[in-house]
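A.B. asks: Sequence:
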Amino acid sequence: MKTDGFIDSDPRRDLARQWVASQMPGLGRQGWWPNLDSLRPASSDASFRRYFRIDGQAPHEGDSTRQDAREATSLILMDAPPDREDIRPFIKVAEIFLSAGLQVPKIIAANPELGFLLCTDLGQQTYLQRLAENTGLDDDHQHKTRTELYREAWRSLVKLQTYGDRSGLPDYDTTKLTQEMQLFDQWFLGHHRPIVLSASEKDQLATVYRLICDRCTAQPQVIVHRDYHSRNLMICPPHGPGVLDFQDAVIGPISYDLVSLLRDAYIEWPEELQIDWAIGYWQDARQAGLPIAQDFADFWKDFEWMGLQRHIKVLGIFARLYHRDGKENYLNDLPVVMRYAVAVARRYQGLGPLAKILERCT
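Start counting the sequence shown at 47; every next residue gets the next number (the numbering used here).
Simulated from the structure, these hints should not be mistaken for lab results. Note that CB positions come from ideal geometry on N, CA and C, so glycine has one too. Mixed in with the good hints, there may be bad ones.
[Stated by the list, open to error] Below are the DSSO-like pairs computed for lysine-lysine, each with C-alpha atoms no more than 30 Å apart in a straight line:
{"#": "1", "residue 1": "Lys248", "residue 2": "Lys359"}
{"#": "2", "residue 1": "Lys222", "residue 2": "Lys248"}
{"#": "3", "residue 1": "Lys373", "residue 2": "Lys248"}
{"#": "4", "residue 1": "Lys402", "residue 2": "Lys248"}
{"#": "5", "residue 1": "Lys222", "residue 2": "Lys138"}
{"#": "6", "residue 1": "Lys402", "residue 2": "Lys347"}
{"#": "7", "residue 1": "Lys359", "residue 2": "Lys347"}
{"#": "8", "residue 1": "Lys205", "residue 2": "Lys190"}
{"#": "9", "residue 1": "Lys205", "residue 2": "Lys138"}
{"#": "10", "residue 1": "Lys373", "residue 2": "Lys402"}
{"#": "11", "residue 1": "Lys205", "residue 2": "Lys222"}
{"#": "12", "residue 1": "Lys402", "residue 2": "Lys359"}
{"#": "13", "residue 1": "Lys138", "residue 2": "Lys359"}
{"#": "14", "residue 1": "Lys359", "residue 2": "Lys222"}
{"#": "15", "residue 1": "Lys205", "residue 2": "Lys347"}
{"#": "16", "residue 1": "Lys205", "residue 2": "Lys359"}
{"#": "17", "residue 1": "Lys152", "residue 2": "Lys205"}
{"#": "18", "residue 1": "Lys402", "residue 2": "Lys222"}
{"#": "19", "residue 1": "Lys222", "residue 2": "Lys347"}
{"#": "20", "residue 1": "Lys222", "residue 2": "Lys373"}
{"#": "21", "residue 1": "Lys138", "residue 2": "Lys152"}
{"#": "22", "residue 1": "Lys138", "residue 2": "Lys373"}
{"#": "23", "residue 1": "Lys248", "residue 2": "Lys347"}
[Unchecked claim] Computed Cβ-Cβ distance ranges for the label pairs, DEER-style:
{"#": "24", "residue 1": "Glu194", "residue 2": "Ser68", "range": "12 to 20 Å"}
{"#": "25", "residue 1": "Glu194", "residue 2": "Asp83", "range": "32 to 40 Å"}
{"#": "26", "residue 1": "Asp186", "residue 2": "Pro283", "range": "17 to 25 Å"}
{"#": "27", "residue 1": "Arg332", "residue 2": "Pro216", "range": "40 to 48 Å"}
{"#": "28", "residue 1": "Pro158", "residue 2": "Arg75", "range": "34 to 42 Å"}
{"#": "29", "residue 1": "Pro135", "residue 2": "Thr193", "range": "29 to 37 Å"}
{"#": "30", "residue 1": "Asp185", "residue 2": "His237", "range": "38 to 46 Å"}
{"#": "31", "residue 1": "Gly147", "residue 2": "Leu377", "range": "35 to 43 Å"}
{"#": "32", "residue 1": "Glu194", "residue 2": "Gly147", "range": "44 to 52 Å"}
{"#": "33", "residue 1": "Arg332", "residue 2": "Ser68", "range": "49 to 57 Å"}
{"#": "34", "residue 1": "Gln76", "residue 2": "Gln395", "range": "55 to 63 Å"}
{"#": "35", "residue 1": "Gly74", "residue 2": "Gly147", "range": "28 to 36 Å"}
Given only the sequences and the hints, what does the whole structure look like? Please build it.
C.D. replies: If you want it as structure tokens, here you go:
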């Protein structure tokens with residue numbers, strides 16, 4: 047039975063409350079005063095993490111001691127069971143992204159051993175939610191709002207990519223890229239659309255994966271968020287989007303995060319609009335001195351090949367989320383991802399064997 051969004055018996059929630067209570071003296075010295083009675087669910091994601099929101103008071107800028115200087119606020123409590131998730135990468139990458147000038151949650155307290163983290167709240171409206179609200183407006187207003195949001199997102203991305211301190215982030219290398227695509231073999235072909243490949247087809251698919259990896263790893267390497275899309279970007283004025291879910295950041299291909307943004311699994315844009323926005327990013331990236339292709343046509347090809355790698359991976363991940371973890375809502379997003387993958391696989395030489403397999407799945 048559930049009460050107010052909680053399962054009645056929830057040992058992790060009870061432990062989280064105890065942990066926040068134990069942090070109160072230190073939080074108070076910093077000017078933070080959370081109200082534990084307000085603890086309530088905020089969201090969950092594709093991992094084993096879940097999030098709670100806590101109302102409270104925050105220190106006013108420049109004065110954390112005076113009670114009358116505090117401001118009403120809310121905080122986010124991350125619950126990441128340590129046997130399933132490690133919050134240390136989140137802490138590390140948050141520091142990097144903050145130093146790069148991005149809006150990310152400020153970490154106020156953390157206990158990696160228990161799997162709890164308390165941080166500032168970047169708001170309750172994602173890009174996806176704002177874009178959904180925008181659909182009722184006239185065409186000109188819709189286009190203006192969309193372009194403003196995406197321009198802010200790609201400019202924050204350029205900030206991240208120009209940041210020089212990579213601080214030991216792992217490389218997004220051929221081994222990792224290949225392992226991700228093989229999730230498609232294991233979970234999409236193996237469980238979701240059961241198709242038995244011949245030995246020849248398996249060899250051809252492996253050759254295609256090598257071709258994709260060669261094309262992607264040849265791109266300039268920058269800091270990569272890895273899930274830079276409309277569900278992980280928050281409406282957070284006035285300094286651009288709030289950025290979430292960055293703990294898996296790596297050093298990888300320069301086009302990766304842009305293709306995550308423009309060919310999002312959760313919202314689909316016409317290709318001409320994708321190209322317009324990609325040109326805007328490409329121009330800003332060149333102006334910022336990033337080592338990007340000098341010809342946009344070359345960059346667009348890099349973008350498409352990188353997108354194919356990501357979408358093959360996502361087909362596998364979404365199938366796994368359903369068949370292994372029981373998260374059936376991700377099935378609704380499979381058709382968009384499949385359309386992206388099929389279109390690119392049909393377009394470029396060397397990808398024909400993959401295109402044929404994808405077509406058998408539709």
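A.B. asks: Against the structure, test the hints numbered earlier, and report the numbers of the ones violated in rising order.
C.D. replies: 24, 27, 28 and 32
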